Amino acid sequence: MDQVFQCYATAAFGMEGLVSSELKKLGVGNVSAENGGVRFSASAEQVFLCNLSLHFTDRLFLILASETCKTFDQLFNLVYSIDWTIFFSGDESIDVSCKCTRSILMSPRDCQSISKKAIIEKIRHSTGLKLFPESGASLPVHISIRKDYASVLLNTSGDALSRRGYRTWNGDAPLRETLAAALVEISGWQRSQPLHDPCCGTGTILIEAALRAFGVPPGIRRSFAREKNTCFRSLDFAALRISTSGMNDSMNSSAFRISGSDIDPSALELARKHIRQANLPQGLIPLTQTALQKLVLPDENGVFICNPPYGERLGDQKQCRILYHELYMLQQRHPTWRMCVISSDPAFERSFGKKAAKKRRLYNGRLECTVYLYPPLLFQ
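For the sequence shown, my numbering assigns the number 7 to the initial residue and increments by one for each residue that follows.
Hints in this document: simulated from the structure, not taken from any laboratory.
Small disclaimer: the values here were computed from a predicted structure and weren't measured.
Think of the CB as a built atom: it goes at the ideal place given N, C-alpha and C, for glycine as much as any other residue.
Worth double-checking, as some hints may not be accurate.
In silico DMTMM-like pairs for lysine to aspartate or glutamate, Cα to Cα no more than 20 Å straight-line [said to hold, decoys possible]:
id: 1; residue 1: Lys-153; residue 2: Asp-116
id: 2; residue 1: Lys-361; residue 2: Glu-332
id: 3; residue 1: Lys-361; residue 2: Asp-351
id: 4; residue 1: Lys-153; residue 2: Asp-101
id: 5; residue 1: Lys-128; residue 2: Asp-101
id: 6; residue 1: Lys-76; residue 2: Asp-154
id: 7; residue 1: Lys-136; residue 2: Asp-154
id: 8; residue 1: Lys-123; residue 2: Asp-97
id: 9; residue 1: Lys-122; residue 2: Glu-73
id: 10; residue 1: Lys-136; residue 2: Asp-101
id: 11; residue 1: Lys-324; residue 2: Glu-306
id: 12; residue 1: Lys-122; residue 2: Glu-140
Label pairs and their computed distance ranges (CB to CB) [to be verified]:
id: 13; residue 1: His-331; residue 2: Arg-108; range: 42 to 50 Å
id: 14; residue 1: Tyr-334; residue 2: Ser-198; range: 20 to 28 Å
id: 15; residue 1: Glu-140; residue 2: Asp-89; range: 13 to 21 Å
Whole structure, please, built from the sequences with the hints as guidance.
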């Protein structure tokens with residue numbers, strides 16, 4: 007029987023429910039959401055498939071041990087209790103990170119040092135190994151101490167899962183890929199409907215919508231830390247990638263209607279580059295340089311999804327609020343379209359000109375934002 011690992015998927019505030027739903031669809035066990043993440047149990051193969059397939063998660067960890075630690079000796083013993091030979095083959099670089107919150111042990115540097123010492127001592131005791139060249143792949147260990155409760159975690163993702171591999175330049179106001187995917191999900195957009203981003207920037211929302219519509223795993227273009235760990239080397243990663251690679255032939259469907267526009271030609275050029283790097287067919291997502299106030303689309307019953315400037319990082323707040331009202335006028339010109347907008351501006355609804363039918367709080371990096379949902383005018 008395959009070994010079952012206790013796992014933890016981290017998520018930005020407000021996205022825990024989305025992560026939980028995706029994990030259940032992937033068939034893992036004991037899914038339980040909490041603030042900042044979701045706990046679950048999974049086999050080694052399932053952990054890899056989760057890294058490959060999850061749209062909204064930041065990172066996936068194995069939970070190796072947990073207990074209350076109020077002294078460095080207790081922390082050392084907790085880390086030492088783990089059988090590190092399962093994950094260490096001899097030359098890995100032992101990379102320990104630590105976060106301490108409202109605990110007696112509040113020095114991340116000291117906790118890192120104690121934990122790495124415990125790992126090396128345990129491996130030395132178990133194997134007789136005397137030298138640790140640390141010249142190989144990373145063994146990324148994270149120590150989390152919150153209210154004196156310590157957890158030893160193994161990072162199976164490596165870099166954040168938001169780093170899909172198709173975006174090489176972020177533009178002036180980057181939208182994390184996981185948040186872009188969340189906006190597509192929250193908007194209620196269906197593949198049969200037109201989707202347009204009138205402030206598309208470098209194209210992240212459009213690409214995430216396309217990948218999701220065609221079942222292309224968001225992590226298909228990148229590698230993960232766990233592929234190099236000893237205990238997972240028995241898996242055929244190449245075969246697993248092929249089995250989940252998505253229905254690329256269907257990408258030529260004439261029913262596909264995702265498009266974007268922006269007033270900035272340099273942002274549009276980057277968007278086209280990112281679309282190519284996401285391996286999406288040329289012409290699949292048409293982009294136009296169009297001012298918001300002049301935008302008119304021929305389709306009906308579509309969805310606008312956008313991340314306009316907030317007035318905090320880009321331009322002048324007054325200009326941003328004028329732009330928000332232009333979004334209202336855009337929907338007036340397209341009365342059968344829904345609109346989904348994210349902003350950190352508390353005056354967004356007043357500037358837009360109407361209260362949203364639904365709102366949802368999310369974070370764009372460290373900025374607390376609200377997602378505003380407006381149904382079609384014909385149904386209001």
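Checklist entry - Okay, Tyr-334 versus Ser-198 on CB: inside 20 to 28 Å? => result Given about 26 Å between the Cβ atoms, the range holds.
Checklist entry - Under the criterion that the straight-line Cα-Cα distance not exceed 20 Å, is the pair Lys-153, Asp-116 satisfied? => result holds (17 Å)
Checklist entry - Are the Cα positions of Lys-123 and Asp-97 separated by 20 Å at most? => result holds (16 Å)
Next on the checklist: Check whether the Cα positions of Lys-153 and Asp-101 lie no farther apart than 20 Å.
Outcome noted: violated (24 Å)
Next on the checklist: For a C-alpha distance cap of 20 Å, please report whether Lys-76 and Asp-154 respect it.
Outcome noted: holds (6 Å)
Next on the checklist: So if I understand the rule, the pair passes when the alpha-carbon distance is 20 Å or less; does Lys-361 with Glu-332 pass?
Outcome noted: The given pair, whose Cα atoms are some 15 Å apart, holds under the 20 Å limit.
Next on the checklist: Hinted pair, alpha-carbon criterion (20 Å max): Lys-361, Asp-351. Please report holds or violated.
Outcome noted: holds (14 Å)
Next on the checklist: Can you confirm whether the C-alpha distance between Lys-136 and Asp-154 stays at or below 20 Å?
Outcome noted: Violated - the C-alpha atoms of Asp-154 and Lys-136 are around 33 Å apart, more than 20 Å.
Next on the checklist: Need the status of pair Lys-122, Glu-73: alpha-carbon distance at most 20 Å?
Outcome noted: It holds: about 18 Å lies between the C-alpha atoms, which stays within 20 Å.
Next on the checklist: Check the hint pairing Lys-136 with Asp-101 against an upper bound of 20 Å on the C-alpha distance.
Outcome noted: holds (18 Å)
Item to check | CB-CB spacing for Arg-108 and His-331 relative to the 42 to 50 Å hint | outcome: Taking Cβ atoms as reference, His-331 and Arg-108 lie about 44 Å apart, which means the hint holds.
Next on the checklist: Holds or violated: Lys-128 and Asp-101, Cα atoms, limit 20 Å.
Outcome noted: Answer holds: Lys-128 to Asp-101 is near 16 Å, not above 20 Å.
Of the numbered hints given earlier, the model fails hints 4, 7, 11; all others are met.
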